[in-house]
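Chains as they are written, first to last, in this note's numbering: chain L, 30 to 228; chain Y, 19 to 260.
The set of hints was computed from the structure by calculation and includes no laboratory data.
Be a bit skeptical, because a hint or two may be false.
Quick look at which bits of chain L chain Y covers, simulated, 3 or more residues with Cβ under 8 Å [what the hints assert, rightly or not]:
#, stretch
1, 41 to 52
2, 80 to 87
3, 110 to 117
Partial list, derived from the structure: chain L residues whose beta carbon lies under 10 Å from chain Y [unchecked claim]:
#, residue
4, Ser106
5, Leu158
6, Trp185
Fair warning: this is a prediction, and the values are worked out from it, not measured in the lab.
Quick reminder that beta carbons are idealized off the backbone N, C-alpha and C, glycines included.
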Amino acid sequence: MNIFTKVPQDSSIIEGIRTGGPQRRSYENHLYGKYTYLIRDGLRKHRLSEDDCSMAYSDAVLTVIEHLTSGRFEGRSELKTYLHQIFSNKCVDLLRRNTTKKAQVHQPEQLTDALNLLPDEARSVIQQLMQQQDMDLLRHRLSELGDKCRRILWAWGEGYKDEEIAVQLDYQSAAVAKTSRRRCLDKLRELYHTGRNKQ
Amino acid sequence: MNDRIEQYFNEELQPPEREQFELELLHNSQLAEELAFYLQTKQVIREQVLAERHAEWQKMDLKVPHSVAPVRQLQPWYYAVAAVVLLAMAWIWLSLSDPNVRELSDAYIEENLTTLSVQMGGEADSLQSAIQYYNESQFAAAQTMGRELLQRNSNNAEALKLLGLIAIRQQNYPQAIAHFHQLGERRDLYTNPGKFYEALAYLQRNQPPDKEAARKLLQVVVTENLEGKPDAEKWLEAMDEK
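The following block holds chain Y by itself, in its conformation from the complex (with noise of 0.2 Å):
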């Protein structure tokens, strides 16, 4: 197997050998296909290592030990405390076993934009070494290119996208909303994630007026179909359920 194809997924290569190994994936046939079998190698690998996970764990679930203890007569009072605890216990349950929505935004962060695909601004360079750095987490050097890229173009949207998302990872929230809020406002965009990581920066920051303002950005993501509106609607019914 060729090397450099672990290194690439691995993100280990330097960027003009990370330039050099995506071209001559395009023209040297034998690297392409050795790079696909590993992919493909891989995800069956992972197919069959779930299901042999999954059946150890419902085997596990099986061990239930049904202990065999001697039969006591209670006192009837006994039972009514016992039910006020099981209904205390099942009050305390069903409150804390979703998790609100402040808590789903942290997930979302955690999933979603801890790492960016460098493919995110297409073919300009230091954009995608402005997601380079941000997935490196240094924010400040993402940040510098990030400004310098929206001087040079002030209609560039992946660049206030990724600005507004530093932003965020640096919980600097009032530049994040402003980040987001004028992308949001765009209108020349094929998908726009403005408003939905509007909210999610105000979720984030999370003073008393701002779960409105989120609640009032989530459901016009909804109502107008943009992008984030399956995890809007999620975050909804958990503002609406708690």
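This is chain L alone, in the form it adopts within the complex (with noise of 0.2 Å):
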């Protein structure tokens, strides 16, 4: 990143992420270039290769942005401080897959929150079914999808609102982006469920 290049402060990062539009992904990149030093600091702290702490920064600045967009980040703490907070447990995190080589267990943040929500009788049903998904199968789904849905669904994935949808995608309202947005998910469900019944 450019050094003379004006880096906003953290308020008008988080202001700019939170409004959306064609501003957000600017915000977002100068919230990931602003705070790039802390992958050294990982480097330092953690032991892990260059690539693995390139990538827990990474995965922490995407985190970062969700509970952003969310509201679950509400400006108690420093954005800086949040940030490193999360990086560094992300490292960790990174650190004991590492180790103890449970990569194949390993549950990502968001959905452990998610599962966190149903109730532990529910979950355990849940999180059956999701063993025996077929992970290859839904990424090779994904990837045939058509470009509009492919598109939507990744703004979705990445946290933009379906008014934000609308806009970005040019679909007439929020509520025909959020029915779009369905019917793709219901498309890649049918192909998933196709494919897993040739096999």
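Work from the hints to combine the two standalone chains into their complex.
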């Protein structure tokens, strides 16, 4: 990142990401660029490889973006400290995975949060079903989806609200974007099951 | 896709609809499969979004311009001034790049305590409702329910923990310290975050003797391997660095 580029204040970054619209991406890039020195800290403190540290940092930045757009980050702490905390946790997770070879059973934070909303009994039913699912086939089916579906699902995955998706991807309204997104999920599920039945 | 799946995860369902949905998940295999597929898809998309953004950010990092400027001979004293400025900058960078323990505790609250898992208390409905109020920042309502729970059963550790957390969020630190101290003294719990949270409350209050009180509690958390140990270790390290 160009050191002579004017880097916005954290408050502007927060507002820029929360406001959304075409500028959001630029504020996200500023957030990423502003604290890249944390990668060096990670290398020093956690003794991870540079690639691992760099990926953990990207993951942490993406998580902060998700927390900003969902309202989970309330601004109680400094953005820098919040990112530092999440990055540090990601590094520890990675270290634990590397040392205990638990990569296959690793459950990302976002999934854990969602599953924790379910009561114990329902959670274990869902977890069992998820374990039975063929992730490679799902990835493959996702790549086979049409461009429009792929774009809308990606935007959803990045935490864009239906209102923003409608503007960005030229849908008539948020309701239309929502219906289209759900249809794309149904289509993906249908594709996935067709593939599974053939196996 | 069943509309209620997304509404459930966005916490848009009313409590009776929510309960009905959870019950249905146990008996309606199609609904359960749809929900599992929804979560799995979201996860796979997230992985791919991360891979794409990571690649994009890596490229952005490479765009450091190599400016071509004419080389000019400088006076020797310029180098001395530059060295002093660099040393000062290095000192500032070293002392400011790592957040202090108070900042770490702020981030901890932000990350872990602004939204609690509704399942925190298991099946107790009123505790779950109290947590729901807490998550919606309706602390007075959450506090009333928490106190009622504690009046009904003074051994209710989850209610005690919730009352302590409410006090933290309301910045009523003496009350938070009292609740967590009481919780930390319990020896009948499988996991007990009492001492760690008490330390957190001291760090948040940030009065002159509080840092030492927090340090002692954090040391206990580490040596006795209590809940919060990984963060306690990080905070102790941050205290020693400063």
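Looking back at the numbered hints, which does the structure fail to meet, lowest number first? Those not satisfied come down to hint 1.
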